[in-house]
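Undergrad: Chains as they are written, first to last, in the numbering used here: chain L, 1 to 202; chain D, 1 to 650.
Because the hints were derived from the structure by calculation, they are not lab data. Please note that a few of the clues may not be correct.
To be verified - Using 25 Å as the maximum straight-line C-alpha spacing, the simulated SDA-like pairs for lysine to any residue come out as follows: (1) D:509 - L:132; (2) D:514 - L:28; (3) D:513 - L:46; (4) D:509 - L:27; (5) D:451 - D:422; (6) D:39 - D:428; (7) D:509 - L:46; (8) D:513 - L:40; (9) D:514 - D:620; (10) L:146 - D:649; (11) D:514 - L:51; (12) L:132 - D:649; (13) L:60 - D:529; (14) L:60 - D:624; (15) D:514 - L:27; (16) D:513 - L:22; (17) D:74 - L:27; (18) L:132 - D:630; (19) L:60 - D:530.
Claimed, not checked - Counterexamples of contact, computed for chain D against chain L with all Cβ distances above 12 Å: (20) 82; (21) 120; (22) 142; (23) 209; (24) 248; (25) 267; (26) 275; (27) 354; (28) 373; (29) 385; (30) 464; (31) 470; (32) 482; (33) 614.
The beta-carbon is built from N, C-alpha and C at its ideal position, and this holds for glycine as well.
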Amino acid sequence: MLLAALALLLLFVFPLWSITLTAPQYPHGVSMYIWINQITGDTEFTLQNINILNHYVGMKYIEPDSIPELTYFPYIVGAMTGLGLIASFARSRKVYLAWGIVLVILGGLGIYDFYLWEYDYGHNLSPTAPIKVPGMAYQPPLLGSKMLLNFKADSYPHWGGLFLALSIFGSFWAFLKGKKKNKAARSEAFRTTTTENHLQAS
Amino acid sequence: MKPRLLTSCLLFVVGLFIYSGCGNATNQGALNTSSAAEKVYVAPGEHDEFYAFLSGGFSGQLSVYGLPSARLLKIIPVFAVDGEKGYGFNEETKPMLNSSYGFIPWDDAHHPELSQTNGVPDGRYVFINGNNTPRVAKIDLSVFETTEIIEIPNSGGNHSSPFTTENSEYVVAGTRFSVPIPQEDVAIDSYKDNFKGALTFIGLDDEGHMDINFQVLVPGYDYDLAHSGKGKSHGWMFFTTYNTEESHTLKEVNASQNDKDFIAAVNWKKAEEYLAEGKAKDFPTSYLINRYDETTHTATSITRNSVKVLIPEECPGLIYYLPTPKSPHGVDVDPTGEYIVGNGKLSADLTVHSFDKMIAAIENESFEGEVDGIPILKFEDVVAGTVASGGLGPLHTEFDAEGNAYTTFFISSEVVKWKVGTWEVLDRAPCYYSVGHLMIPGGDSRQPWGKYLVAMNKITKDRYLPTGPEMNHSAQLFDISGDKMELLLDFPTVGEPHYAQGIAADVVKANSKKIYPINENEHPHVIRQEADARVVREGDVVRIYMTSIRSHFTPDNIEGIKVGDKVYIHLTNLEQDWDTPHGVSVLGANNAELLVMPGQTETLYWEPTKPGVYPFYCTDFCSALHQEMQGYIRVSGRGSNVELSWSVGE
Ligand SMILES: [Cu+2]
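Next comes chain L alone, as it looks inside the complex (with noise of 0.2 Å):
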């Protein structure tokens, strides 16, 4: 369980989420990477190029300044991991549950935002766009690939996400293993008796 809270600070060292862009004029693909406090690219230049590029279909410039949960997420994933240290030394099987499943639900309204502010940027185009291809929208999809005009957009989970993840099974876990702590006593004694008749019929 302590593990499981710990986990949950290094979404302060690695992005949550990415996005690539690869298209032939970008052979080696642009890559926009969503943390719990920030989004960054490959280069420091890499957002201002990726906005050059969305301003041809008439998307929203992405800047970072302007969304407001990335002021305040670090704060819940903060509070979080207190609560779950707290809970670590509580030693009980329902906290760890309860503190899994508000993780579960907190992730999952995060993602729920992530693909709000997809849907935002890929359908608000500005009425004055350059170029205008009707019936299309420019939302990256939450997981998986998709083409977008002439690029391949992929999102996936990052090494922050997997650590969320990570931190959610770890609560779940810690939940189990006290739940099989109880049955400790009945399977030993059934390991030893199976132990016994492999060497016997070797």
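Mind docking chain D with the ligand on chain L? Use the hints.
TA: The following block gives chain D with the ligand in isolation, referenced to the frame of chain L:
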């Protein structure tokens, strides 16, 4: 006379026989075309193994090719204005072509030379000489741009240049045409009394800036080519001479009379001692150093008014002459530093001197004479061997990593491979036609990469589809990895490639910059965001602070300019992505375009002469909306009161 006539007749018949034996004229030279094609094939999207830098000769520029494909990668403007890149046209690069004679839009570029560390090309810089108005340029290989040009005083025809020492302590500049030093108004036929030569040693400081450390004042011969010692001969620089006759007219005859001219051996470590002792004389003169600063994106000129000169009579041990037959052209030092090859251009044979023998002769003071305080060593004392080449007119020699040397023969139009030390001829390959220099990657360094040889030919004739009387000079690529040289490819070149240099691509390509960071741009007229775009008038000087980003200029509508104004368009390219330059050009401007790299600022100067509305546009197809990247400047009459205004998107 008769036997000679008979021989030549016989040779003619044999020649005809060989010629007809060659058969298919379209396949001249290559032994096996399909295997040759495979060897030069670099698949689409893949990179060449070597960079090759070929001088542009009378184009004044430097061409960059990939080997073995011989694909042209870039032409770097050096000594000549280049409308394509705005070089010498925009305000920032105009100072690069300044000289003590004012702005010079052209020169004749001859010999590229890579900077070296421990005798091996290090991929930092390539130097090249301007022959006509003596200058040396430095190209920075992180950006492939000319970043410095230094003028050489007391010189005329900067030909034995810009050969470098093992750690690029010095780049040299020897005069091919002796002149009065200091320059003065004298009768040309007073040559023997008044004309002198100068051997210039340009030093590089820690930041890589060039300046002249000293010159050696030498007799009025023609100093033709040079190469530095290496390994044990590090500390010495060798120059060939011709016209030791000191003639000043009809040199083709008068400068070809002496059986032997000299190779001059300069002990530059000794020169440093004399400099430290204060033995140098300050000669008043005037020369310029033009430096391009990568953060201000601007070149500035520095004027120097004197140069330190060492006079051999006052500096014993500074310089010696090694007699060398028949107007030697190239002087080439083998990778060990022991052998100094004199390519006697009017003879059949090559003369090879020994560095050890030279040192022994100097220690024994075994001299056959002296000119102006310069001891002349005895030919027999210094010569190590002679290569009986069987060719005629040797010009230049380069080396591979296996102890072989390769020499070009202009008159017999061939490359001859021979063994260093035994002087035995191993192979010969014809060139089409009349080869001048040759280049083996690293072939004049301590560690040649070998593998390929590029022969640069002076005569093209029928090698390509005809293009009228003027044709590009031709180069030929040979595979030298086997015992026999194998011709792989012919390729046309820019101008006249004299010398070239080759280097493994890996040494250079990792350092190649993609953009200039805009936050490091210190140009005096930079603006880093569109919000700062503006137009400022001070009297009749109007400065337009403009930005470009895909796909618009800010501002793109400008009014209030008047006829006779001095208009400076300072364009900053806000892009920070690889390969996103924007250009700009203005209808009627007596100027070239600007071609501004990401993060760079450049300035177009324009004096409008007639009222009207002048379109300007982006000249480099930058994006899907490149054709829309345009604007207008309204020019009003001299006395008009149209107010200065600017806008975009209004
Ligand atoms: Cu453009």
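Undergrad: For every hint, state whether the structure bears it out.
TA: These are the hints, each one checked on the structure:
1. D:509 - L:132: violated (40 Å)
2. D:514 - L:28: holds (14 Å)
3. D:513 - L:46: holds (16 Å)
4. D:509 - L:27: At roughly 18 Å apart (the allowed maximum being 25 Å), residue 27 of chain L and residue 509 of chain D satisfy the hint.
5. D:451 - D:422: The hint holds at about 22 Å.
6. D:39 - D:428: holds (20 Å)
7. D:509 - L:46: holds (22 Å)
8. D:513 - L:40: Cα-Cα ~21 Å, so holds.
9. D:514 - D:620: holds (17 Å)
10. L:146 - D:649: Cα-Cα ~34 Å, so violated.
11. D:514 - L:51: The given pair, whose Cα atoms are some 19 Å apart, holds under the 25 Å limit.
12. L:132 - D:649: Answer holds: residue 132 of chain L to residue 649 of chain D is near 19 Å, not above 25 Å.
13. L:60 - D:529: Within the cut-off at roughly 18 Å; holds.
14. L:60 - D:624: It holds: about 18 Å lies between the C-alpha atoms, which stays within 25 Å.
15. D:514 - L:27: Given pair residue 514 of chain D, residue 27 of chain L holds - Cα atoms ~15 Å apart, limit 25 Å.
16. D:513 - L:22: With a Cα-Cα distance of about 22 Å, the restraint between residue 513 of chain D and residue 22 of chain L holds, given a limit of 25 Å.
17. D:74 - L:27: Given that 25 Å is the threshold and the Cα spacing comes to 22 Å, the pair holds.
18. L:132 - D:630: OK: residue 132 of chain L and residue 630 of chain D at ~21 Å, within 25 Å.
19. L:60 - D:530: With Cα atoms ~18 Å apart, residue 60 of chain L and residue 530 of chain D stay inside 25 Å; holds.
20. 82: holds (27 Å)
21. 120: holds (31 Å)
22. 142: At about 17 Å from chain L, residue 142 of chain D clears the 12 Å cut-off, so the statement holds.
23. 209: holds (30 Å)
24. 248: About 61 Å separates residue 248 of chain D from the closest Cβ of chain L, which puts it past 12 Å; holds.
25. 267: Consistent with the label, residue 267 of chain D stays out of reach of chain L, its closest Cβ about 50 Å off (over 12 Å).
26. 275: holds (47 Å)
27. 354: holds (54 Å)
28. 373: holds (61 Å)
29. 385: Non-interface label on residue 385 of chain D holds, nearest chain L Cβ at 54 Å vs cutoff 12 Å.
30. 464: holds (33 Å)
31. 470: Fine: 38 Å to the nearest Cβ keeps residue 470 of chain D off the interface.
32. 482: holds (36 Å)
33. 614: holds (25 Å)
When each numbered hint is compared with the structure, violations occur for hints 1, 10.
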